[in-house]
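**Student:** Now for the letters of each chain:
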Amino acid sequence: MLSSVNVSIESLNLMTLVPMLIPIIGALLILVIDLFKSEQDRSLYVMLSLLVLGVDFASLMDSAGVFSKNGTVTGVFDVMLIDGLAILSQFIIVGASMLFIPLALTHKRFHEFSYPEFFALFLFMIGGFQFMVATDNLILVFVGLETASLALYTLIAMHNRDKSFEAAVKYFTMGALAAGFFSFGSMIFYALTGSVEISQIATVLSANNYADIGFVLIGVVFLLASFGFKLSMVPFHTWTPDVYEGSSAALAGYMSIVPKIAAFVVAMRFFEFLIHSGVVWLEVILYMGVVVTMTMANIWALVQTDVKRMLAYSSISHAGFVMAAILIGTTQSNSALFLYWILFSFTNLGSFSMLWISRQKNLPVHQQSDHSYNKFAGMIKTAPVAATIMALFMLSLAGLPPFGLFWGKMYMISSAVTGGYTVLALIMALNSAIAGYYYLKLIVYMFMRDPIVEDGGHIYSANATLPLKTIIGIAAIGTIFAFLAINKLLEFVTAFVYNSGY
Amino acid sequence: MEIGLNHYLVLSTILFAIGLVGVMRRKNLLMLFFATEILLNSVNISFAAISHYYGDLTGQMFAFFVIAIAASEVAVGLGLLIVWHKKHNNIDLDNMSTMRG
Amino acid sequence: MELFLYTALFSPLVGSLFAALFGASPKTKIAGIVPSALLGVSFLSSLVLLVLVMGTGLTLHVEMMTWMATGDLYIPFGFVVDQVSVTMMIVVTLVSTVVHVYAIGYMDHDKGFNRFFSYLSAFVFSMMILVMSDNFAGLFIGWEGVGLCSWLLIGFWYHKESASWAANEAFIMNRIADLGMLIGIFLVYWNTGTLQYKEAFAVMPSLDNAILTWMGIFLFIGAMGKSAQFPLHTWLADAMEGPTPVSALIHAATMVTAGVYLVVRANPLYNLIPHVGLFIASLGAFVALFAASMALVNRDMKRVIAYSTLSQLGYMFAAAGLGAYWVALFHLMAHAFFKALLFLGAGNVMHAMHDELDPFKMGGLSKVMKGTFLMMTIASVALAGIFPLAGFFSKDLILEVAFVEHHYIIYSVLLFTAALTAFYSFRLVALIFHGEERYKLFGIHPHEAYKFMLVAMSPLLLLAIIAGAFKMSYFEMVSKLLPATEYHVHSAATYWIMTIGTQLLVILAIAYAYKKYTSRDIAVPDGTSKMENSFAYKLLINQYYIPYFYQEYIVKAYRELSEVFWTKIDQKVVDATVDGIANVFYQTGERTRVMQSGNLSTMLKWMVAGTVALLSLAVVFGLAARYSGEIRVFLSGLGV
Amino acid sequence: MLDHILSILIFFPALAAMLGFVVHKDSMRSYGVAVATIEFALSLWLWFAFDSTISGMQFMEQIALVPTFGINYIVGVDGISLFIIILASFFTMIGIASLGETKDVKNMIITLLFLQMTMAGVFAALDAIVFYLFWELSLVPMLYIIGAWGGPLRIYASVKFFLYTFAGSLVMLVGMLFMAYFYFQATGQWSFAILDWYRLILPESFQLWLFVAFFLGFAIKVPMFPFHTWLPYAHGQAPTIGSVILAAILLKMGTYAFIRFSLPLFPDASVYFMYPIAVLAIIMIIYTAMVAYAQKDIKQVVAYSSVSHMGVIILGTFALNVEGISGSIFLMIAHGVVSGALFFLVGVIYDRRHTKYMSEFGGLAHVMPRYATIFGLMMMASVGLPLTINFVGEFLSLLGFYKQSHVLTLLAGTAIIVGAIYMLSAYKKMFFGVITKDENRNLPDVNKRELLALIPLAIITVWLGIYPKPVLGTIDTSVEAVVSLMHEKAISKEAKSRIPNIANETDMTKNSVEEAH
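Taken in sequence, the protein lines are chains A, B, C and D.
Heads up: the first sequence begins at 1 in this note's numbering, then just goes up one per residue.
Heads up: the second sequence begins at 503 in this note's numbering, then just goes up one per residue.
Heads up: the third sequence begins at 604 in this note's numbering, then just goes up one per residue.
Heads up: the fourth sequence begins at 1244 in this note's numbering, then just goes up one per residue.
For reference, chain A alone in the conformation it holds in the complex (with noise of 0.2 Å):
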């Protein structure tokens, strides 16, 4: 006879699911309306994802405070875990949707827009984030993964092109795979010690003195595979630029930033026991992969005709810089991480942002594609303000002081030379040196060369509307000034990071 199940309520500590909770439920609402009166305006959805986005990120905030009271807190048989790196990273991640949603009010109509089902799918995505992040049970991780990956193929098809269909074809199957390999490599890890939950398998290969290296190691290659898929490490990587290429900008630009920093704060959970208990190999096979990563990434971008490629390549060879943060493994490194990556939010969304507002309807013949750097040619001339902005972020990404990734990029490299990387920390600099070369490209596209087309610079703001500017104006002065918020950051990303153990 089985004795009763009795659990109370506090001990599951429900508060803990509420920030998961809030976008499931505004997804619902979503649907919900448009079951009532379908054909609404995109503007309605728009507004209403927001709202749900701010509750969340208030939400949030209010976990944030008592986790700088409590410390960590655990929650719904111990599945839920919120500690500093979920409170960080879902902020980032509400954070940055919140700098999306908006960019769906654009002047020409997408199609994808005009259906709830889009802003549904894409709360439905933020909550699977939100789960992924918030959790060490590896079934939970994976659940939220294919929730917030399952919609992501939906939303990049409903851009509704040739390219979009392909893309989101190539990015499922690639997802399918990664899929199997995480869960194949959960299972090595299952059986070998008996638990799903990363603080579990630590304590009991610790305990075993890491008997099993050999079968160890499987494991953790096929879950670093799945991880690298997500994280597009080479040669994990392929399907990045397709993916970007095919979505619409904006989207591509979310792309970049969102789901990667749910998988690295799940690889950073996973792979920072493993690399403190010395397991050598991890740290030979990470550092090349962060070397390669970033480097052969950056050799890519450096021959694309297209911008929006071009960036697809850059955001790789970004993240593969930002894995040597989980190579390097320090509290100072893992806040690196999380400063580099809100900076960069602001930088690569504002980026794409500005690719999205010079978005036509259809291609022009002198273009071969729809962000050709031939498009940017002589911007200066027709549209200075844009232009000024545009090569702003690019400096940014290239790291130029004092843009905003400049203090990001600075602080991993210390936090490499710190960690007694020193190579890494000098590969890392020539790596920016090597993207200044693509980002200057475009500069010299906009500032220096003649205009192909003279038309009063319309083509770069095809696409404008007052809330797209002010989300290429939020990411302009993030980008600039970011400097002024840089110790608070800091300070605050710090002792989140530190209190969490990391």
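It cannot be assumed that every hint is accurate.
[Claimed, not checked] Computed list of lysine-lysine pairs in BS3-like fashion (alpha-carbon distance at most 27 Å, straight line):
{"no.": "1", "chain 1": "D", "residue 1": "K1539", "chain 2": "C", "residue 2": "K1175"}
{"no.": "2", "chain 1": "A", "residue 1": "K163", "chain 2": "B", "residue 2": "K529"}
{"no.": "3", "chain 1": "D", "residue 1": "K1646", "chain 2": "D", "residue 2": "K1739"}
{"no.": "4", "chain 1": "C", "residue 1": "K763", "chain 2": "D", "residue 2": "K1680"}
{"no.": "5", "chain 1": "D", "residue 1": "K1671", "chain 2": "C", "residue 2": "K630"}
{"no.": "6", "chain 1": "A", "residue 1": "K381", "chain 2": "D", "residue 2": "K1346"}
{"no.": "7", "chain 1": "D", "residue 1": "K1691", "chain 2": "C", "residue 2": "K630"}
{"no.": "8", "chain 1": "D", "residue 1": "K1268", "chain 2": "C", "residue 2": "K714"}
{"no.": "9", "chain 1": "A", "residue 1": "K361", "chain 2": "B", "residue 2": "K588"}
{"no.": "10", "chain 1": "C", "residue 1": "K1159", "chain 2": "D", "residue 2": "K1671"}
{"no.": "11", "chain 1": "C", "residue 1": "K1043", "chain 2": "C", "residue 2": "K970"}
{"no.": "12", "chain 1": "D", "residue 1": "K1712", "chain 2": "C", "residue 2": "K801"}
{"no.": "13", "chain 1": "C", "residue 1": "K1171", "chain 2": "D", "residue 2": "K1349"}
{"no.": "14", "chain 1": "C", "residue 1": "K1208", "chain 2": "B", "residue 2": "K529"}
{"no.": "15", "chain 1": "C", "residue 1": "K1119", "chain 2": "C", "residue 2": "K964"}
{"no.": "16", "chain 1": "A", "residue 1": "K469", "chain 2": "B", "residue 2": "K588"}
{"no.": "17", "chain 1": "D", "residue 1": "K1539", "chain 2": "C", "residue 2": "K1159"}
{"no.": "18", "chain 1": "A", "residue 1": "K381", "chain 2": "D", "residue 2": "K1268"}
{"no.": "19", "chain 1": "D", "residue 1": "K1671", "chain 2": "C", "residue 2": "K1171"}
{"no.": "20", "chain 1": "C", "residue 1": "K1118", "chain 2": "C", "residue 2": "K1133"}
{"no.": "21", "chain 1": "D", "residue 1": "K1349", "chain 2": "C", "residue 2": "K714"}
{"no.": "22", "chain 1": "D", "residue 1": "K1349", "chain 2": "A", "residue 2": "K469"}
{"no.": "23", "chain 1": "C", "residue 1": "K1043", "chain 2": "C", "residue 2": "K1119"}
{"no.": "24", "chain 1": "C", "residue 1": "K801", "chain 2": "D", "residue 2": "K1539"}
{"no.": "25", "chain 1": "D", "residue 1": "K1671", "chain 2": "C", "residue 2": "K763"}
{"no.": "26", "chain 1": "A", "residue 1": "K108", "chain 2": "B", "residue 2": "K529"}
{"no.": "27", "chain 1": "C", "residue 1": "K763", "chain 2": "D", "residue 2": "K1539"}
{"no.": "28", "chain 1": "C", "residue 1": "K973", "chain 2": "C", "residue 2": "K1054"}
{"no.": "29", "chain 1": "C", "residue 1": "K1043", "chain 2": "C", "residue 2": "K1159"}
If you're looking for bench data, these hints aren't it; they were derived computationally from the structure.
For clarity, every value in this text was computed on a predicted model and none was experimentally measured.
Chain A is fixed; fit chains B, C and D onto it per the hints.
**Tutor:** Okay, now just chains B, C and D, sitting in the frame of chain A:
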């Protein structure tokens, strides 16, 4: 011969390998999806076996989730496939490379 | 008294600036007259100072202001008027006053009249700084300043390719020597802690001989450039491209003697290192002969005089090197007078002959140019060293010095050179003023120069005649500062034999020259005569092929090497490496971008391949970890 | 206001530049001149308020930026940086005032004002990160100036300029981060403040590595052989104003940084690397002078001559004694004035003939006497004639280095020969001889606008050549502080003996005399 845990694991691994090979070799999108299903479900065998071995339910839970996710993947995947087929009248992977470089 | 010092120093500068005001405007007489007058003022001030120094034995030392001061280095603009510098001041201001006045006439028809006086006065100012400075750095200012003015003046007629070429040659060659000078100055500073003459010389006796030797050598290298000693001599002959007053002032009387002045000024140093002194003397003797030999055959009137200058500089160095500083200085002074006179006379001839320089195309000019003829003859006599003119007292003294110091080789070389000097001087006089009037063949109508030009030259004429008379009083004056060695041949008989012998030798040489070059069958050489095809003649007329050598093996080599550096090394190696590194990245990108084929199947394969690669690494590592003990044993067995 | 004069100096032009977007195109010139003049006046005021008897930093300001990580906005000047700041604002002023007919004048002036901000910032910064910030930021306006207003190869040239310098300075950034980390290890506090770093004594092996890291960044900027090849392109393609500021100020950042960072932070490494660097400097001097001689384009001659002169500056810096370092700082200013003027002069003829090939000229002295005169003066200054500004610097630099090595100084001294060779031959080609090209017959002489830039430069050239004391004295005070700091910090015996001990000044002169025996 007693069927032990290892046998299940080996079977699972073999199935996984078959799935992998299928993923690499198949040019037909539908077949490719099948391969990924094999991949995912092969793991379920192990999960169930290990779960039994430890007397712990977690593995079975995992397996259920995997099944659920596999199912939803198929839903999304087939959706994409149908749209693609509508547009291009084929589901051959080799026709799917407009973006490159 | 300081007032006189400053007047002497700065009036040339004022004159130069005044003339510079008119630099771009058309010719104005006033731009010539004012600087000349100011130079006169300068000369008078110098004269007052001379009287003061001579009369009271006092010296004047002022520090106008700090120039450079950093660390332990302190360099003021300090000026000193002592026995040595006042001599130079007199020589410089006197000759330049004369030359200025003369040039008013000589440059009469030149478009760059105003500019010319500006440069010329600037030169005098630089020269005054050179001689009056109380430290090595100040000396260097003047040193470079005269170099600059010499560059400007040699290249004065800049439309002539040869003139600007010669100017550059002079400047660059001097620069080579200046480097030596600079190093010498550094040596002085780091070893004595100061650049002031007085203090530096005071410390020198306590220094290591090797260091002093280096100091002496490097400073002398500086002197070699300015005084055009072998092997840096070629610029002087080429410098004759400049207007003749320039040649008279700069390239005969003043600037080229700066080297001698330096050695004299640094006498406390050279006294400590007699072996370097001997080297200087030997080089001087060699140059005296070497230059005189080239003067024998040259067919350019000004070049002959230039070689003669070179030869006389050799005499001066010979004296200075042997420690007879006051003798060197005395010869310097005397030489300045008669050589400037000679040059100015040559200028008159040139004017008369419409810038014709070949004496073979002249002849018989004594009829039309009586004044000039007289002056040049007397100057030549003085140069040849015939009693009782200036040259006799100074040059004979040098011979005596060499003899008394038992350097008989130097003595005989110098003696032989004296004969050569007499020969080439009168070869020139004979060719120009005597014999057939060959110029008629070329349709030239010579005329005498302006009266005032001749008048202007007359002070020089006077001094060329009587300068020797001051020998003893001069000795008394400078011996307060310089080693007071009187050079007397001990036995009176030897002395008389030597003196009279020398005089006879010189007179014979003159007679031979006259005989050879006044004859009726002198014709313009056309390169066919036997002598012109002899080896010796060719060697001499080509200046021992030294300019050729420089041109072919140094100038050309330098140019070619530069070209190689630029096109081969800079572009093909250094820059190509930089671009190459960039290209490696770019090309890698181009080559490997095929990896991104866009085919989903390939993409999946990459993913699996990546996993398999990681797996195999894991297996290798896992095995290695499991069997680490065995592996270690195995490796140690291999001796790793 | 004096308390914040440095910040005002730095940010006033930037603010003015931003407001400049609003100013109408036709009034932009006047606006630019007005702003630049105010800026220059401010910098002069800084000079007058500066107390030249104090060796340390003055007008310091500190604002917390990222205090957690030890990054603060700290600015201050001492005798080393003071004059370069003044020179920068001076060049910006005359640069804008004499700006010729240019397309997009408005953009140009705004860019120049931004550039002025970065220049003032670099030389005033006393925090490594702030220094780095301005250092990098200065690349952007220059990139734009070369790339937008340059010659046919402008894009290649500007990108090369940017990337090359950028790559070098990233390595330098790594060095800075290391330095901060060492400071953290030593004190438990993060700090990027240079003055804090000065107090840190590092083991020699660390010094060597850090020195190399900093060196790369600085050497590319200077540019030292073999990192110099970006310079001819940049100069060759840049518009006149770009070349002027590049040569006059931007290159000085590298040499200034050597004195600000490398010497006081790594005294032992400085001694260790003295000879290799001196050899590089000598290669710069001789080799680039020869390359300059081979040029056919007058602007390239001046560009390579810049490299050659920078060699002397480097040499003076690594003399590691007061004479040499003061000389090198003075030479920075001198070279700024002279090469700036030379680039202006090249611009004058380029504006008239639209060619820079010397073979296109010849005999210009006939038609443009004033131009020839000023060019001649500047050429002589460049050649290092005494009583011109350059001589003081070159003399002191070489004099200083002579203490360290006789033979190397002798080799480096050939600068005065090789310099004369290329300069005189270029001058001869351009100005002497007869006019062969008809286009040259009626060239107008320098006009008022051009004289506006050239006359002040000519005056400075002569004035500071004759009376360098007001500048040199101030420099000297600060340099003595640097040298004594270096001596104090030096660990190895070699370094202690190479770097003079100024503390007991009087003994030192005696000792040096004694040692010479």
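**Student:** For every hint, state whether the structure bears it out.
**Tutor:** Hint check results:
This hinted pair checks out: D:K1539 and C:K1175 have alpha carbons roughly 18 Å apart, not beyond 27 Å. With a CA separation close to 19 Å, the supplied pair A:K163 and B:K529 stays within the 27 Å bound. Among the hinted pairs, D:K1646 with D:K1739 is consistent with the structure: their alpha-carbon atoms are about 14 Å apart, no more than 27 Å. With a C-alpha separation of about 17 Å, the suggested pairing of C:K763 with D:K1680 holds against the 27 Å cut-off.
Between D:K1671 and C:K630 the CA atoms are separated by roughly 24 Å; this keeps the pair inside 27 Å, and the hint holds. Using a Cα cut-off of 27 Å, the hinted pair A:K381 and D:K1346 holds, with the two alpha carbons roughly 12 Å apart. Taking the CA atoms of D:K1691 and C:K630, the gap is near 25 Å; set against the 27 Å cutoff, the hint holds. Distance hint between D:K1268 and C:K714 is unfulfilled; the C-alpha atoms sit about 47 Å from each other, more than 27 Å.
Pair hint A:K361 plus B:K588 holds up; C-alpha atoms about 23 Å apart against a cutoff of 27 Å. Of the pairs offered as hints, the one joining C:K1159 and D:K1671 holds, with about 17 Å between alpha carbons and a cut-off of 27 Å not exceeded. Restraint check for C:K1043 and C:K970: the C-alpha separation of about 13 Å stays at or below 27 Å, so the hint holds. Restraint check for D:K1712 and C:K801: the C-alpha separation of about 23 Å stays at or below 27 Å, so the hint holds.
For the hint pairing C:K1171 with D:K1349, the CA-to-CA distance comes to about 41 Å; that exceeds 27 Å, so the pair is violated. Using a Cα cut-off of 27 Å, the hinted pair C:K1208 and B:K529 holds, with the two alpha carbons roughly 12 Å apart. Distance check on the hinted pair: C:K1119 and C:K964 sit about 16 Å apart at the alpha-carbon level, within 27 Å; holds. Distance check on the hinted pair: A:K469 and B:K588 sit about 37 Å apart at the alpha-carbon level, beyond 27 Å; violated.
Taken as a hint, the D:K1539 and C:K1159 pair is honoured in the structure, with Cα atoms around 17 Å apart against an allowance of 27 Å. This hinted pair checks out: A:K381 and D:K1268 have alpha carbons roughly 14 Å apart, not beyond 27 Å. With a CA separation close to 26 Å, the supplied pair D:K1671 and C:K1171 stays within the 27 Å bound. At most 27 Å may separate the alpha-carbon atoms for a hinted pair to count; C:K1118 and C:K1133 meet this at roughly 19 Å.
Between the alpha carbons of D:K1349 and C:K714 the distance comes to roughly 46 Å, so the proposed pair goes past 27 Å and is violated. At roughly 25 Å between alpha-carbon atoms, D:K1349 and A:K469 fall within 27 Å of each other, so this suggested pair holds. Note on C:K1043 and C:K1119: the hinted pairing holds, with a Cα-Cα distance of about 21 Å set against a maximum of 27 Å. Straight-line distance between C-alpha atoms of C:K801 and D:K1539 comes to about 49 Å, which puts the hinted pair past the 27 Å bound.
With a CA separation close to 11 Å, the supplied pair D:K1671 and C:K763 stays within the 27 Å bound. Proposed proximity of A:K108 and B:K529 is contradicted: the alpha carbons are some 37 Å apart, above 27 Å. Our distance criterion of 27 Å between C-alpha atoms is met by C:K763 and D:K1539, whose separation comes to about 22 Å. Between C:K973 and C:K1054 the alpha-carbon distance is near 12 Å, which keeps this suggested pair within the 27 Å criterion.
The suggested pairing of C:K1043 with C:K1159 is violated, with an alpha-carbon distance near 42 Å, which exceeds 27 Å.
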